[in-house]
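**Q** Single-letter residue listing:
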Amino acid sequence: MKKLILILGCVLALAACDNKKEETQEKPVVKIGAILPLTGGGAVLGASLKAGTLAAIEDKEKKNLKYHYEAIFEDNQQQPAKSATAANKLIASDKVNVLLTFTTGSGRVIAPIAQNAGLLNLVATLEDENAEPMGQTTFWQGPTLQSYQRILINALKKRGVKKLALLAAHVGVACAGTEHLTKLLAKKGMDVQVECFNPSDRDFRLPIQKYVKEGYEYFYLQFFPPQTDIVVRQLYEQNILPQHIFGSGIDTGADISLFENINHVGGNSGTPEFIDRLMNEYHIDNVYMAASAYDLVSLAVDAFENAEDIKNIDEITAYIKEHATRKCLSGECKLFPNGFIANEAEWRTYINGKPIPLKE
Amino acid sequence: MEYFINIGILFCIYAMLALSLNMVVGLSGLVSLAHAAFYGIGAYAVAILMTAQGFNFWGAMCVGMLLNGITAFIVGKILSKFKGDYYAIVSAGLSVIVFSVLLNFKSLTKGPLGIYGIGKPAIAGFHFYSSASFLALAFLFVVLFYALFVLIDKSSFGRALKSLREDEVLTVSLGYKTTKYKSLIFTLSAIMAGVAGSFFASYIAFIDPTSFQLAEGIFFFTMITVGGLSSAFGSVVGAALLLTLPEALRFLGLPYETAAQLQQLIYGALLVLMMAFRPQGLFGKFRV
Amino acid sequence: MLNLKNIDAGYGKKQVLSNVSAEFKSSAITVVMGPNGAGKSTLLKAAFGLLKPYKGEILFEDLPIKATPQMFVKKGVFMGPQGRRVFQNMTVQENIELATHFWKSRTDFETAFERVLSYFEELKPFLKLPAGNLSGGQQQMVALARIFINKPKMVLLDEPSIGLSPKLINDTFFKIKEMKEKTGTAFVVVEHNLKTLLPLTDFAYILKDGRVVYNGKSEGRILEKMMQAVFE
Numbered sequence: 000m001k002k003l004i005l006i007l008g009c010v011l012a013l014a015a016c017d018n019k020k021e022e023t024q025e026k027p028v029v030k031i032g033a034i035l036p037l038t039g040g041g042a043v044l045g046a047s048l049k050a051g052t053l054a055a056i057e058d059k060e061k062k063n064l065k066y067h068y069e070a071i072f073e074d075n076q077q078q079p080a081k082s083a084t085a086a087n088k089l090i091a092s093d094k095v096n097v098l099l100t101f102t103t104g105s106g107r108v109i110a111p112i113a114q115n116a117g118l119l120n121l122v123a124t125l126e127d128e129n130a131e132p133m134g135q136t137t138f139w140q141g142p143t144l145q146s147y148q149r150i151l152i153n154a155l156k157k158r159g160v161k162k163l164a165l166l167a168a169h170v171g172v173a174c175a176g177t178e179h180l181t182k183l184l185a186k187k188g189m190d191v192q193v194e195c196f197n198p199s200d201r202d203f204r205l206p207i208q209k210y211v212k213e214g215y216e217y218f219y220l221q222f223f224p225p226q227t228d229i230v231v232r233q234l235y236e237q238n239i240l241p242q243h244i245f246g247s248g249i250d251t252g253a254d255i256s257l258f259e260n261i262n263h264v265g266g267n268s269g270t271p272e273f274i275d276r277l278m279n280e281y282h283i284d285n286v287y288m289a290a291s292a293y294d295l296v297s298l299a300v301d302a303f304e305n306a307e308d309i310k311n312i313d314e315i316t317a318y319i320k321e322h323a324t325r326k327c328l329s330g331e332c333k334l335f336p337n338g339f340i341a342n343e344a345e346w347r348t349y350i351n352g353k354p355i356p357l358k359e
Numbered sequence: 000m001e002y003f004i005n006i007g008i009l010f011c012i013y014a015m016l017a018l019s020l021n022m023v024v025g026l027s028g029l030v031s032l033a034h035a036a037f038y039g040i041g042a043y044a045v046a047i048l049m050t051a052q053g054f055n056f057w058g059a060m061c062v063g064m065l066l067n068g069i070t071a072f073i074v075g076k077i078l079s080k081f082k083g084d085y086y087a088i089v090s091a092g093l094s095v096i097v098f099s100v101l102l103n104f105k106s107l108t109k110g111p112l113g114i115y116g117i118g119k120p121a122i123a124g125f126h127f128y129s130s131a132s133f134l135a136l137a138f139l140f141v142v143l144f145y146a147l148f149v150l151i152d153k154s155s156f157g158r159a160l161k162s163l164r165e166d167e168v169l170t171v172s173l174g175y176k177t178t179k180y181k182s183l184i185f186t187l188s189a190i191m192a193g194v195a196g197s198f199f200a201s202y203i204a205f206i207d208p209t210s211f212q213l214a215e216g217i218f219f220f221t222m223i224t225v226g227g228l229s230s231a232f233g234s235v236v237g238a239a240l241l242l243t244l245p246e247a248l249r250f251l252g253l254p255y256e257t258a259a260q261l262q263q264l265i266y267g268a269l270l271v272l273m274m275a276f277r278p279q280g281l282f283g284k285f286r287v
Numbered sequence: 000m001l002n003l004k005n006i007d008a009g010y011g012k013k014q015v016l017s018n019v020s021a022e023f024k025s026s027a028i029t030v031v032m033g034p035n036g037a038g039k040s041t042l043l044k045a046a047f048g049l050l051k052p053y054k055g056e057i058l059f060e061d062l063p064i065k066a067t068p069q070m071f072v073k074k075g076v077f078m079g080p081q082g083r084r085v086f087q088n089m090t091v092q093e094n095i096e097l098a099t100h101f102w103k104s105r106t107d108f109e110t111a112f113e114r115v116l117s118y119f120e121e122l123k124p125f126l127k128l129p130a131g132n133l134s135g136g137q138q139q140m141v142a143l144a145r146i147f148i149n150k151p152k153m154v155l156l157d158e159p160s161i162g163l164s165p166k167l168i169n170d171t172f173f174k175i176k177e178m179k180e181k182t183g184t185a186f187v188v189v190e191h192n193l194k195t196l197l198p199l200t201d202f203a204y205i206l207k208d209g210r211v212v213y214n215g216k217s218e219g220r221i222l223e224k225m226m227q228a229v230f231e
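Protein chains in written order, with numbering that gives the first Met the number 0: chain A, 0 to 359; chain B, 0 to 287; chain C, 0 to 231.
Rather than coming from a laboratory, the hints here were simulated on the basis of the structure. Check before you lean on any hint, since a few could be wrong.
Said to hold, decoys possible - DSS-like, lysine-lysine: derived pairs with alpha carbons at most 27 angstroms apart: (1) K80(B) / K13(C); (2) K65(C) / K179(B); (3) K284(B) / K179(B); (4) K80(B) / K73(C); (5) K358(A) / K326(A); (6) K176(B) / K65(C); (7) K284(B) / K82(B).
What you are looking at is a predicted structure, and each value in this text was computed from that prediction instead of being measured.
Given only the sequences and the hints, what does the whole structure look like? Please build it.
**A** Below is the structure:
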């Protein structure tokens, strides 16, 4: 008798499990194909964007939606060729409805592929606000290079910085933007020395010593992992205090504890609650651009929910063009004609491992 | 289908690189790490000339071939003074130099920002816009390169290369001008690598210097070592294997928290196993 | 036939030969002897163009030339370098074929190949095997075969006796003498010490510390005395 009840119980339980599956299967699934650096030097950033993506889906799914949303992640190791194959795999094999990626390079590789397949392509990246559009179905979000520069110039002037050594990496817009920045800083009466480094460089000690000797007591850094951590460590070795270090891309570092009290300009990381949630629930230390990913995914979900036909790319892009300018998690979002959804940048520091915005 | 066609195109590009490198490393015994440099020059020639100067693909590719030919001829002369490990180090130096130029010569190459919007080839009004047609064109070149390899392998030129690979002093004492043979094969291989680069630039439509670093050259080395040195078939197998293996791992259905990391682990483990059980490569005829 | 005048030669900064002059006569077997480090190999390499001398002149058939191996093989002078007899991974036939790479016509090769095999009957069963499978003595035969297929006017051999048993050394030198008598080929043989085989040769040079200390017929009391002085 006991055996019979046990067996019956199991069968009922199984039936109940099966039922639940049935329920979620009723709603059609919209798949988001995210192509991120999950291994390699950029893995820290990939992990952050992944968390932002998943958080956005989690929040949206709390409401009663037409579709069920699912993210599929592929690794591109920050290589353009791998972005292309990942995009093709997600389109052909996983039949995704929208693509999401990180950095302009990857975005530009995927843009024509997405356009050919009639799919939306979203890119989280820091970029020049006057950049060329990436493609008819591509939108990108992040802080603008110009807003970074505006905030930085203001902050430096307020601190009375006269001599600044600017160290940057030859990656993306990091070094490319320094020429213009130097001119603007010179106009405000600052003496700026710029030096750009190859992404493979690991020893910055001699240049640092040189600038210290020449009386440059303030340093401004623009690097990507793993150089960010290395440069800061080497600055500390030379007894440069965090108060004399500024940066952008500080928020790309792997070891956040290194950056305590370093003032830097970064993309808006979202609300303190969001930051806490990412760190506690998703177990990431660095929330770089997670908020931008969150905003892009939320916008996409809204577009799909409001579309008559989610396969009609013109409808989707029209919705995005209409609604991209809004208050988003990363501050105020503003859509430029070239497809750039600019979110705010902020001047901030790290206290106890958390990014805290500074009122200037 | 599109997915497989796109993998196929990448396979063609890597096969071209593997075949050309194997002529220098496998057939002639020259440990060259300069291949990524020629790959990069070929890619950037097409990228710059097609976007900024309105060249068509074939014209741009020819300029790339010419540039590579001249560079390889000059560098080849310098390299001929070195043997074995030193040859490897000096040739690696070329890769580093070219990468640095691509990264820093911003007015020409746009530096780290890269060049986008690279067009596709056309013949007599027919444009190779569809990936299927591009694959067919790329495959044609693979067949061409394969045939060239086999031709050289069986010719007296190939015999001279194989003998200087085995014993250069003896070969010289037989009256061969070995420096001429080494220069010739190095230059030919560089021109071929440039063709592969040109195809890569056109296919992916956006290039930046990070695709042409020394590490890429080491990847080419891995392809021919695993596939088999001094073998045309081995070159092609090595390219196919090392390209499709990481892609195949995407389909394993690993839990997404750790899928990417596990894929890397499995890929690495498979390479180690392959080399442990067959150090001469799958179809190798020669061990360095 | 081959004349070296006032040769200074060495490897980079290390000078080995000082003011060495030598005349290698046609249709004769000349032997070059000396202790280790005397410069015998260096002399042969400089003569054949494998090494560029710092100073001095080289004349072939009384005309000054720029010595290179490519040029010499076309003029009928061939060399067997020290310790390198064959390409181990190539077949015996391929080894011999390689030595005829500069011939204009391939059909000439067929007849020449038949001819040379008649002198080296013992190689016939091994033609399609990798040369590395053969014994030391057989590899030496292959090396000689690939030189003789070219009907050389002069052959330079650097220590052909290395790694061979006394009997095989004897056989090699008898073959050399045979070739000289049949075809008038001149030989220049570098050897460490050739006391027992001197009677087979015509002229001798003795080198010590990079200089010539004896130059003359390979017999006689003066030679004996010099050999005693140098080798004891």
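**Q** I'd like to know which numbered hints this structure contradicts. Please list them from smallest to largest.
**A** Of the numbered hints, all hold.
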